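Peer 1: Chains as they are written, first to last, in the working numbering: chain A, 38 to 554; chain B, 38 to 554.
Watch out, some of these pointers could steer you wrong.
Which copy? The list can't say, so a pair holds if one copy fits it or any two copies do.
[Said to hold, decoys possible] Calculated cross-link-like contacts (lysine-lysine; reagent style DSS-like; alpha-carbon spacing at most 27 angstroms): (1) K142 - K294; (2) K320 - K294; (3) K142 - K320.
What the hints contain is simulated information worked out from the structure, not anything from laboratory work. Since the structure is predicted, the reported quantities are computational estimates derived from the model, not experimental observations.
Protein chains: 2
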Amino acid sequence: MIGAEALLRTLVGSGVNVCFANPGTSEMHFVAALDAVSEMRGVLVLFEGVATGATDGYARMTGAPAVALLHLGPGLGNGLANLHNARRSRVPVVTVVGDHASYHKRFDAQLESDIESVARNVSGWIRRTARAEDTGPDAADAVAAALGPPAQVATLILPADASWSDGAAPAAAPPRPRYGAVPAAEIESIAATLRNGQRCGLLLGGAALQERGLRAAARIAAECGIELFAETFPTRLARGAGLPAVERLPYLAELAKGQLEGLQHLFLADARAPVSFFAYPGKPSYLVPDQCDVGVLAGGADDVPAALEALADAVDAGSDSGGAPAARPRRPGGELTAETVGQALGALLPEDAIVSDEANTSGIYMTGPTAGAPPHDWLTLTGGSIGQGLPVAVGAAVAQPGRRVIALEADGSALYTIQSLWTMAREQLDVTVVLLSNRRYAILRMELARVGATASGERASAMLDIGDPDIDFVALARGLGVPASRPGTAEEFTTELERSLATPGPSLIEAVVPSIF
Amino acid sequence: MIGAEALLRTLVGSGVNVCFANPGTSEMHFVAALDAVSEMRGVLVLFEGVATGATDGYARMTGAPAVALLHLGPGLGNGLANLHNARRSRVPVVTVVGDHASYHKRFDAQLESDIESVARNVSGWIRRTARAEDTGPDAADAVAAALGPPAQVATLILPADASWSDGAAPAAAPPRPRYGAVPAAEIESIAATLRNGQRCGLLLGGAALQERGLRAAARIAAECGIELFAETFPTRLARGAGLPAVERLPYLAELAKGQLEGLQHLFLADARAPVSFFAYPGKPSYLVPDQCDVGVLAGGADDVPAALEALADAVDAGSDSGGAPAARPRRPGGELTAETVGQALGALLPEDAIVSDEANTSGIYMTGPTAGAPPHDWLTLTGGSIGQGLPVAVGAAVAQPGRRVIALEADGSALYTIQSLWTMAREQLDVTVVLLSNRRYAILRMELARVGATASGERASAMLDIGDPDIDFVALARGLGVPASRPGTAEEFTTELERSLATPGPSLIEAVVPSIF
């Protein structure tokens with residue numbers, strides 16, 4: 038058996054059966070092996086950033102890694118931004134980077150580069166397969182490393198000769214990841230603090246933001262009167278009617294700081310102590326109040342929901358976790374704005390929907406109206422590198438067919454990985470793309486003032502303006518095989534949204550909205 | 038003066054007056070400073086790969102660096118593939134990568150990453166500016182490092198606080214680069230070998246492929262009866278009627294090896310000894326025949342045209358360098374194929390055109406029919422990472438307004454950096470994009486067989502097929518503001534090409550052609 042086939046068989050045996058691929062010559066044996074290993078689904082993408090972002094979305098919804106198949110160092114480079122985001126999502130991802138045959142590297146051919154150096158930035162585990170015989174064991178180790186805990190990006194560099202040579206065999210699947218249990222004494226110590234009457238907060242992130250964690254946290258809050266926060270950019274937040282509602286810390290550091298003001302203890306459940314997204318002149322980077330102690334309840338290597346439940350029991354919390362009331366806004370009328378788009382979304386969001394939110398400035402109108410919609414998952418821009426939303430929607434839709442995915446996408450961000458639309462069309466993924474087009478890098482207009490830059494002139498202003506020429510997303514979507522429309526009013530938008538949600542396969546609705554900034 | 042303004046003023050004072058930018062929050066002071074420093078032209082792009090590829094195209098046509106302004110590590114990641122290509126082009130490029138304020142880095146905020154590690158892969162010179170006072174001197178050093186010789190990518194990491202703090206001043210421009218003179222004894226020694234009757238070849242690359250170098254090489258060849266070759270993927274090749282025609286070594290290693298067969302001496306003029314682009318099972322990587330000596334006439338740090346002229350004089354070559362006869366094919370008729378597209382191009386290519394060639398498999402029909410067209414420059418995919426052609430066209434058009442740029446682009450490659458079209462529209466660049474759409478990764482179909490992979494099945498084959506759904510490049514172009522058409526016959530294509538060449542600003546012509554493979 039050649040190395041490529043042993044690699045694929047090991048992956049499949051380890052529960053990894055989706056590969057988002059943008060292959061080149063050095064990956065041809067991997068591609069050819071797809072014919073032999075029918076359990077591996079190959080999903081072709083037209084740009085590597087789509088592959089890496091899709092593995093992120095896939096892992097968020099399944100907890101399991103998919104493979105991103107990339108072509109040498111430059112291919113890894115093209116996928117790097119979304120691997121950065123995946124690293125911040127703290128999800129399991131396996132990237133297989135094809136490389137030149139081992140004996141070819143010393144000739145420094147055109148595509149030669151130092152793959153390890155590039156991978157190091159985003160990948161907690163990197164290995165270069167030496168021989169065909171190692172492909173199986175290396176693949177199993179890559180899956181194990183990706184799963185952790187903690188989950189991470191694992192990068193396997195696969196020389197073409199290891200891929201094409203004979204003598205390989207599949208390896209056994211790695212053991213399932215074992216999450217740690219937080220010691221009872223630590224739980225008791227935190228419980229004692231929560232009951233001592235001081236102002237306490239519990240910051241939830243990562244695995245704490247799915248249903249089990251949220252319910253336990255809500256029980257604790259109800260019992261102890263502490264404040265609950267969610268991290269600003271959750272990997273996956275369960276929300277909607279019947280689920281405990283937890284406010285995300287605001288993106289604006291000044292607002293986040295205000296929310297944390299007066300706390301004496303802040304405990305972290307799979308979250309990091311909050312810091313400002315960017316630095317601003319004269320403003321603090323660290324947002325925890327000076328007098329506030331920070332303690333860790335559980336981290337990425339722990340069984341986080343279990344730790345929260347143990348804490349709830351330790352404080353003798355009642356069993357009722359409460360939940361947001363079911364409530365939907367009415368279908369909006371009048372002008373099409375980010376606000377009315379949000380209302381339409383709230384009016385129509387289907388049960389079990391998955392929202393991939395990269396609407397940026399327009400996004401602030403999306404969360405309120407959907408708070409009482411039927412339960413759904415909300416995925417955000419975890420690593421701050423725009424161009425993540427559409428690929429994450431691809432990955433989520435591949436992971437969970439039968440659930441409607443809604444990509445809330447800003448025009449500026451969409452253009453980084455617009456190639457995602459083609460894969461949505463090719464795979465007929467049930468994705469509704471709501472393209473909020475304000476024809477500006479609106480967030481930068483806001484940031485320009487916040488960093489204290491004075492740019493009253495036309496030349497600087499033009500660098501934040503993507504409306505010259507206007508980008509026609511209906512044309513772009515159609516060009517990539519996705520049906521699209523551009524409603525002119527809130528009513529028309531709502532009708533289009535309803536139609537899209539009811540129609541299998543992808544569609545894009547461009548909402549040209551006024552910019553907030 | 039704040040650091041950002043001193044940086045810009047130093048760049049402008051050093052002859053760097055174009056910035057291809059995709060900025061974010063950490064670059065806002067750089068952007069704001071564009072209002073103060075009107076000599077710096079800011080060209081907005083929607084994706085970093087466009088910025089980095091454009092600096093490559095700009096440098097190829099001017100010999101001078103432009104700036105690519107990038108946003109933190111992920112922005113550099115998005116630009117990495119085309120910086121890889123620029124490194125292989127051996128052109129001067131300055132990248133300015135904005136970073137968090139220095140005091141903010143330890144907080145590991147969302148966008149924090151190890152920029153130096155990523156840059157190291159592509160950049161021969163990397164510096165992190167420490168304080169505002171250093172921005173001027175660091176900018177001057179970056180320009181000096183980029184210019185070399187040899188020319189290279191220079192990366193300046195600019196923390197936001199160095200950018201926004203006061204106390205900076207512009208620095209003096211660096212001295213002009215000084216190329217080395219090849220010692221007369223070395224020239225004489227090579228001349229002696231060339232005259233000794235053995236079979237000799239001269240492989241031209243880089244700076245040897247512009248007019249001066251070509252003419253000197255042609256004089257040498259005429260005098261000594263040696264064989265001339267051009268490297269497979271030239272940075273910039275001067276060609277056309279009246280210019281000496283030099284065959285490029287074929288991409289296919291087996292053909293290149295055949296061409297070099299029987300040589301006893303191969304001399305390199307700004308080129309590297311030829312190696313196979315990829316490794317193939319059982320085939321050699323190094324393409325120089327066993328019995329052949331390889332010698333270096335001149336490298337990237339030398340005055341290459343002067344070295345060739347000195348060698349021509351040393352062998353007492355005549356002054357006539359010859360040149361390709363003026364000849365154009367007739368306007369083609371009949372079916373629209375890569376071949377008839379090539380004939381139309383040959384029939385109409387304007388004098389002084391700049392061709393950015395990323396037509397890949399279809400491109401083999403483009404060079405023959407244009408060999409006798411009026412003199413023009415031919416730019417190729419130097420580093421092998423597709424997605425370079427359109428950005429290079431952007432950069433070349435910004436560099437040399439008044440010259441028509443023709444981007445010969447394959448469908449698969451075009452999708453990596455399709456955002457280039459928007460910048461062409463915004464800046465009204467005189468670019469004709471000929472989009473050769475065969476709806477396949479055709480080169481991979483060829484490579485699949487060459488690497489010995491057997492993929493007769495549908496699943497592997499589907500991974501090389503980008504025709505499901507068909508990509509509509511006319512829609513994509515219009516969506517990004519570029520007029521576009523899709524002629525159905527060779528006559529119609531020729532008419533559209535003629536119209537595009539005569540019309541200021543960009544346009545795209547999609548030629549749906551049969552795949553060669």
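Peer 1: Against the structure shown, which of the earlier numbered hints fail to hold, in ascending order?
Peer 2: none
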